[in-house]
Amino acid sequence: GAGVSQTPSNKVTEKGKYVELRCDPISGHTALYWYRQSLGQGPEFLIYFQGTGAADDSGLPNDRFFAVRPEGSVSTLKIQRTERGDSAVYLCASSLVPVGGFQNTGELFFGEGSRLTVL
Amino acid sequence: AQKITQTQPGMFVQEKEAVTLDCTYDTSDPSYGLFWYKQPSSGEMIFLIYQGSYDQQNATEGRYSLNFQKARKSANLVISASQLGDSAMYFCAITNNAGNMLTFGGGTRLMVKP
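As you go down the protein sequences, you meet chains A and B in turn. Straight run, no breaks: the first sequence in the numbering used here ends on number 1082. Straight run, no breaks: the second sequence in the numbering used here ends on number 158.
Chain A on its own, in the form it takes in the complex:
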């Protein structure tokens, strides 16, 4: 498809389990972002990739969270030893160029999210 694709759309898991969430960005988009959105709140930044490298991972809450983008396209967000507080919608977004404050209408294109429920 032409948009950002995220799988699975829904994931229910038990506390302590390992989870992987996948994001397939728009073809050619070099910038990729992961956000987490809890119920009734705005999206919270997790990590930003420029190409294959994590340019900014300052939003990852702890070392149970990790993300990769080995070939500069598809990205996987990995959560180890899941906790009930990890339950949220995980949003992926991509952009042709990094979103910026200069003469740049670098729009972010979001996927529909992966809803994670940890029981």
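Keep in mind the hints are simulated off the structure, nothing from the lab. It is possible that some hints are incorrect.
[Said to hold, decoys possible] Only part of the chain B face toward chain A is listed, based on derived beta-carbon distances under 10 Å:
| id | residue |
| --- | --- |
| 1 | 48 |
| 2 | 51 |
| 3 | 53 |
| 4 | 56 |
| 5 | 83 |
| 6 | 86 |
| 7 | 88 |
| 8 | 89 |
| 9 | 91 |
| 10 | 112 |
| 11 | 137 |
| 12 | 148 |
| 13 | 150 |
[Stated by the list, open to error] Short, incomplete list of chain B residues facing chain A, as computed with Cβ under 7 Å:
| id | residue |
| --- | --- |
| 14 | 145 |
| 15 | 149 |
| 16 | 158 |
[Said to hold, decoys possible] Which bits of chain A does chain B cover? Going by a derived footprint, with three or more residues having C-beta under 8 Å, they are:
| id | segment |
| --- | --- |
| 17 | 1005-1017 |
| 18 | 1047-1056 |
For glycine and all other residues, C-beta sits at the position ideal for the given N, C-alpha and C.
For chain A, the structure is supplied; the task is to place chain B on it using the hints.
Then chain B, alone, in the frame of chain A:
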């Protein structure tokens, strides 16, 4: 650090009327961008409008306009001629100078009454 504040958790508007959604921001970056996104119940984030901090004119996109008051650090969204399909969550967001992330506000839920 950057911060977005949306003080209206919920708003009602009559169909066909205009509505203003408030957004104030805090940043130490000399250059930044401001965005508004719409999130309907389906969950998808839909880009509405963008304003660069050095833009001299307020941004407009169809029925959406951004009332940018730099000195007051506000970037309110104005929706004219509201439609039932405008009912959704609306998020204001700001980029940092490096352009490597968007910081979102807590959102405003807009409900359009027929």
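Interface hint compliance - residue 112(B) to chain A, C-beta minimum distance less than 10 Å: 13 Å, violated
Restraint satisfaction for residue 145(B) [CB to CB of chain A, less than 7 Å]: 5 Å, holds
Closest C-beta approach of residue 88(B) to chain A relative to 10 Å, hint status: Given a least distance of 5 Å, the restraint on residue 88(B) holds.
Hint validity - residue 51(B) Cβ closer than 10 Å to any chain A Cβ: Since the shortest Cβ distance to chain A is 13 Å, the answer is violated.
Proximity test - 8 Å, beta-carbon atoms, the segment 1047-1056 of chain A to chain B, at least three hits: With 3 residues close enough to chain B, the hint holds.
Interface hint outcome for residue 56(B) [beta carbon to chain A under 10 Å]: With Cβ-Cβ at 18 Å, over 10 Å, it is violated.
Interface hint status, residue 83(B) versus chain A (Cβ within 10 Å): 9 Å, holds
Hinted contact residue 53(B) with chain A - closest CB pair below 10 Å: Status holds, d = 9 Å.
Interface hint compliance - residue 149(B) to chain A, C-beta minimum distance less than 7 Å: 5 Å, holds
Coverage of the segment 1005-1017 of chain A by chain B (three or more Cβ within 8 Å): holds (count 6)
Chain A contact restraint for residue 86(B) - C-beta distance below 10 Å: Where the cut-off is 10 Å and the nearest Cβ of chain A is about 7 Å from residue 86(B), the hint holds.
Hinted contact residue 89(B) with chain A - closest CB pair below 10 Å: 4 Å, holds
Violated hints, in rising order: 2, 4, 10 and 16; the structure is consistent with all others.
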